[in-house]
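Asker: Protein sequences appear in the order of chains E and W.
So in the numbering used here, spot 349 of the first sequence is number 1332, and the numbers just go up one at a time.
So in the numbering used here, spot 186 of the second sequence is number 1462, and the numbers just go up one at a time.
Treat the hints with care, since some could be wrong.
Output of the computed footprint for chain W on chain E, the stretches with three or more beta carbons under 8 Å from beta carbons of chain W [to be verified]: (1) 1002 to 1016; (2) 1023 to 1030; (3) 1056 to 1070; (4) 1167 to 1179; (5) 1190 to 1204; (6) 1257 to 1264; (7) 1270 to 1276.
Which residues of chain E face chain W? A partial, calculated answer using Cβ under 10 Å [stated by the list, open to error]: (8) 1037; (9) 1043; (10) 1049; (11) 1120; (12) 1141; (13) 1164; (14) 1209; (15) 1221; (16) 1228; (17) 1230; (18) 1236; (19) 1247; (20) 1279; (21) 1282.
In short, the hints are calculated from the structure, not lab data.
The C-beta atom is built at its ideal place from N, Cα and C for all residues, glycine as well.
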Amino acid sequence: MKRRGFPAAARKALRNDQLRGNLALATGTIRERRAKAVDERPDWEELREAGRTLKLRVLRHLDSYLVQFERAVEAAGGHVHWARDDVEAGSVVARLVAEAGATEVVKVKSMTTDEIGLSEQLAASGIEVVETDLAELICQLAGDPPSHILVPAIHKNRTEIRDLFRRTIGAPDLSDEPRELAEAARLHLRRKFLSARVAVSGANFGVAETGSVCVVESEGNGRFCTTLPQTLITVMGIEKLVPSVEDLEVFFQLLPRSSTGERMNPYTSLWTGVTPGDGPQEFHVVLLDNGRTSVLADEVGRQTLACIRCSACLNVCPVYIRTGGHAYGSVYPGPIGAILTPQLSGVGGDASSLPYASSLCGACYEVCPVKIDIPRVLVHLRSRIVAEKAGGAGERIAMRVLARAFADEHRYERAQKLGRAAGRPFARKGAISHLPLLGAWTDARDLRPVARQTFREWWRTR
Amino acid sequence: MVANAMSSARDEILAHIRAALRDVPPDERPEDVSVPRDYLEQEPDATVERFVERVTDYGASVRTVAAAELASAVGEACREADVARIVVPRDVPAEWVPPSIEALVDAPLAAVELDRIGAALTGCALAIADTGTIVFDGGAYQGRRLLTLVPDVHLCVVREEQVVDGVPAAIRRIAADVRTARRPVTFVSGPSATSDIEFSRVEGVHGPRRLALIVVRS
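Chain E on its own, in the form it takes in the complex (with noise of 0.2 Å):
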């Protein structure tokens, strides 16, 4: 793990002061912004519970929901779908749309279809994705891959997209107004969307009990998405479900605030099937899995498929904020990718430094709206890291022996002496930057030589 995967890309993130600038600001601003509609409800705590117990219940009963829900799906006149992988649905939605007669699809931004990589496996089935939500356009524009999931393009400024539009879609003089830079995109995307015959979404939530789909947005890009083709493809998650609609007064409650700050987001849809006369006629789902089954048989990361992807954790990370989404090298970034990419991808895999990219101080569990304890979640991923990592044995070594040490008075002593005398040779101005064998311990962290005198020491002589 050693200077590579999240250190690596960090240490380069942090070099980059307009990165850094631009995080700064936009983090700050949705901190604020979340804070101030979050204690806005007396009763925060109680629907974070209901959140949290609800997703709880979906999980420990999933088989039977994603049942019902497919039957609701079907009755109401939509197709349901299921796919193991990322290549599976991959495959699935190319043979839609080529079914659907279409070489082009809209595209609502959703972090399922990101993490399946489907907008590349469609280019490869010769099939053109427009992204349709302006910082998704930006962000496929300048061939950036997305760094956050509520402001994909947090990492550009007005500036930098200004000079984007106008080499791609804008005119030569566009100004570098917010307003202007929307309205560029607007005209762009409005031929695309009337043109369009088949459109892909992701989903919020789906209704087990009616087999709804829900889309929670801000520009409408998701309404247009969701109701001007023919066809509509949604990609969903196995664990996206909520048991009824009632259900949802929680989750509408919860999610905007916590997401954006606003008391709610400006467009919701809803839709159950395919309603004759209105919307697309010919409706598909596709449950995804992806390694979702994986999470969900250990007990203690079960809880992370209870994500909502509201995005406060990032906001409130303070290795977020410095390093910004791309060094976590995965679709989800901040303490939620943390957690979520090793576990679907597999633990010990690739991802396998991301559960290190924290410093633990927990206020992501603070303010995540469905309570997942993500620090606990981190703590757990790191033991089963190191229990199924064949080597790192200077670590494991070393642990034993400071075990052994700190078990015993005289042993710890002798020991304290001893640290003394072997950590001087690695000193430099006061500091251990490195020690051999022991690098991950250093390399992100300078370690402090045992003192000359020990407080024990000084204890006898006083």
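Given chain E, work out where chain W should sit, using these hints.
Answerer: Relative to chain E, chain W alone:
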């Protein structure tokens, strides 16, 4: 072939879920996982005044009028938005539209035609005071979803008695529509907006840039 692959994906995912949930006792029912509903089911003091205040916060304009003044308020809102031609759902009463305004009926019109019309005039299913939200369920005076989306201005008539206090009250009212009639539901809170550029709020991206409400006193 395809049907086989699909059913096996389904069976495999469901089997994985059941294996993952081995710690859940087999006789546990979903209702056994208790969900405490201690949050507020009612919003004290959430009145029509609160609704007007909150919807104004989003940058929508609001006119509160008596029933007899409805048409002239519509005319005023059209003048303010510089609109002379509007589209209305089939069931909107002729009395809502002032003589100065040309109203086309959505018979239905094609989306490209809607794109050339300045504004849409509709009613709503209900409104939420606490969050300044208007809710549509395709019922009376609301028309289909495209109508309130494509034109640049949305004029919406809210009758005072349609205002409920909070989100739970609103969901309870629409639950039956969703459950039995399977009607599509849209919650609208202010004009379309984005905060994607430096998190500074811009009104009007893809949805209507202006939302003008006319609240009719009962």
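Asker: Any of the earlier hints contradicted here, and which numbers?
Answerer: Checked against the structure, no hint fails, so every one of them is satisfied.
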